[in-house]
Amino acid sequence: MPSTSFSLATTPLRSGKLYRYNQGRTPPRASWPCRRSRRSSGGSTPSMSHAPSASLSRRHRTVRDALTTRALDALVITAPSNVLYLTNFTGSSAILVLAAGSLCFITDFRYVTAVSDMAGTAHQCPDLELVTVDGSYDATLARVLAAHPWKRIGFEAAHLTVARHHWLAATLAAGGSPAAELVATDGLVERARVRKDDHEIATLREAARRLSHVAAGIGALVRRGATERDVALEIDVRVRRAGFERSAFETIVASGPNGALPHAAPGGRAITEGDLVVLDFGGVYDSYCVDLTRTVSVGPASTRAREVYAAVREARARAVASVAPGRSRFEIDAAAREVLAGHGLGEAFGHGTGHGLGIDVHEDPRITRRRPDVDAGDEEVATGMVFTIEPGAYLPGWGGVRIEDDVLVTDEGVEVLTDVTTELIEI
Numbered sequence: 072m073p074s075t076s077f078s079l080a081t082t083p084l085r086s087g088k089l090y091r092y093n094q095g096r097t098p099p100r101a102s103w104p105c106r107r108s109r110r111s112s113g114g115s116t117p118s119m120s121h122a123p124s125a126s127l128s129r130r131h132r133t134v135r136d137a138l139t140t141r142a143l144d145a146l147v148i149t150a151p152s153n154v155l156y157l158t159n160f161t162g163s164s165a166i167l168v169l170a171a172g173s174l175c176f177i178t179d180f181r182y183v184t185a186v187s188d189m190a191g192t193a194h195q196c197p198d199l200e201l202v203t204v205d206g207s208y209d210a211t212l213a214r215v216l217a218a219h220p221w222k223r224i225g226f227e228a229a230h231l232t233v234a235r236h237h238w239l240a241a242t243l244a245a246g247g248s249p250a251a252e253l254v255a256t257d258g259l260v261e262r263a264r265v266r267k268d269d270h271e272i273a274t275l276r277e278a279a280r281r282l283s284h285v286a287a288g289i290g291a292l293v294r295r296g297a298t299e300r301d302v303a304l305e306i307d308v309r310v311r312r313a314g315f316e317r318s319a320f321e322t323i324v325a326s327g328p329n330g331a332l333p334h335a336a337p338g339g340r341a342i343t344e345g346d347l348v349v350l351d352f353g354g355v356y357d358s359y360c361v362d363l364t365r366t367v368s369v370g371p372a373s374t375r376a377r378e379v380y381a382a383v384r385e386a387r388a389r390a391v392a393s394v395a396p397g398r399s400r401f402e403i404d405a406a407a408r409e410v411l412a413g414h415g416l417g418e419a420f421g422h423g424t425g426h427g428l429g430i431d432v433h434e435d436p437r438i439t440r441r442r443p444d445v446d447a448g449d450e451e452v453a454t455g456m457v458f459t460i461e462p463g464a465y466l467p468g469w470g471g472v473r474i475e476d477d478v479l480v481t482d483e484g485v486e487v488l489t490d491v492t493t494e495l496i497e498i
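Counting the sequence shown from 1 gives a position; this note's numbering is that position plus 71.
The set of hints was computed from the structure by calculation and includes no laboratory data.
Just so we're clear, the structure is a prediction, and the values are computed from it rather than from any experiment.
All C-beta atoms, glycine included, are put in the ideal place defined by N, C-alpha and C.
Watch out, some of these pointers could steer you wrong.
Unchecked claim - For each label pair, taking beta carbons as the anchor points, the in silico distance ranges come out as:
hint, residue 1, residue 2, range
1, H237, D257, 40 to 50 Å
2, T374, V308, 27 to 37 Å
3, P249, G206, 17 to 27 Å
4, A336, H237, 28 to 38 Å
5, R317, P220, 40 to 50 Å
Working from the sequences, and respecting the hints, build out all of it.
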């Protein structure tokens with residue numbers, strides 16, 4: 072950081088003014104968050120999502136309340152999903168600094184126009200102060216922090232590297248802010264994301280409707296002689312044609328004995344008569360993820376395959392029926408697990424029954440067995456939560472079965488967002 076004094080005049084984004092800071096001291100290499108750019112499917116502005124401004128304002132208030140509870144003056148947000156949640160920004164690089172009276176957004180030349188173009192629209196991020204950098208994100212961040220009298224500055228411990236933390240602390244101490252304390256935080260924004268608002272629910276409903284349409288014809292893609300990789304590619308094409316930005320994760324096509332691997336990567340194995348084939352795929356629609364799994368039989372299913380499938384189907388139904396506001400997420404998991412144990416498949420189901428959906432394909436709440444060393448509080452599911460129900464049975468050397476749907480917790484109980492038959496399909 073330069074030894075010269077520095078001051079920051081704050082002007083809201085709506086004025087059209089930008090701020091540019093030159094690089095001073097050299098920060099650590101790879102010093103800003105980076106991911107593949109997300110593109111929205113719902114409009115013409117690249118690098119931006121479409122939550123209404125009013126929704127963004129409510130999200131800001133929720134996180135600011137959390138800062139007050141923790142006695143924090145500001146929070147440095149570097150997790151890309153959290154930046155998106157609070158600003159609508161879907162690009163690959165940005166840092167957000169949220170304080171009681173300000174919202175400073177740091178990004179580079181590639182995204183300045185896209186962010187500026189949101190000004191005056193229904194999706195504008197309220198009171199955003201846009202800062203553009205010449206070379207270094209971290210040097211710019213240090214200058215922004217030094218320009219304010221903040222004493223306790225939170226940072227996302229799960230997303231800021233040790234090297235970046237050390238550099239930032241040393242730079243602030245050397246640059247005129249020796250009293251500033253960097254405070255590690257965990258999940259301040261993520262906890263706000265667990266219960267979806269009206270915009271998020273509408274987006275996830277539409278995404279689930281589109282993914283259900285993809286799934287309805289998926290059996291026709293599972294052809295004898297086709298490789299798992301061939302089928303996965305065709306599923307990915309269908310997902311994109313259904314209006315999704317991209318697949319939410321690497322599509323799983325696990326045939327025959329590969330079905331015993333819950334996260335099998337599609338390979339060169341040719342699909343053959345008598346196989347059970349696990350098909351697990353998802354899509355990102357206007358920045359939100361949905362996820363669905365079905366298992367099909369190539370030709371008439373064997374007696375054993377029918378038995379295992381029926382047990383998993385029953386477990387899925389029991390877990391869905393147990394979803395209600397106020398119900399423990401551990402109880403929902405137990406509902407599925409008890410069914411499978413009753414069919415002698417308890418040891419064949421080793422993962423959790425479900426996971427939250429939203430900007431990330433795996434987020435809270437986690438529908439799983441209680442882990443005494445990890446789980447504390449936040450046991451009950453609540454209205455507005457969206458998560459998967461996906462019990463399975465995996466038998467090494469034989470294969471596996473998984474059935475997955477996406478559900479929304481409502482005041483009345485549960486709404487199944489995905490709408491695809493759970494009957495065993497024989498092709």
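Against the structure, the hints:
1. H237 with D257: 40 to 50 Å: Violated, since H237 and D257 (Cβ atoms, about 19 Å apart) do not stay within the stated range.
2. T374 with V308: 27 to 37 Å: At 35 Å between Cβs, range holds.
3. P249 with G206: 17 to 27 Å: Holds, at about 26 Å.
4. A336 with H237: 28 to 38 Å: Check passed, 37 Å falls within 28 to 38 Å.
5. R317 with P220: 40 to 50 Å: Since R317 and P220 have Cβ atoms about 43 Å apart, the given range 40 to 50 Å holds.
Checked against the numbered hints above, the structure breaks only hint 1 and satisfies the rest.
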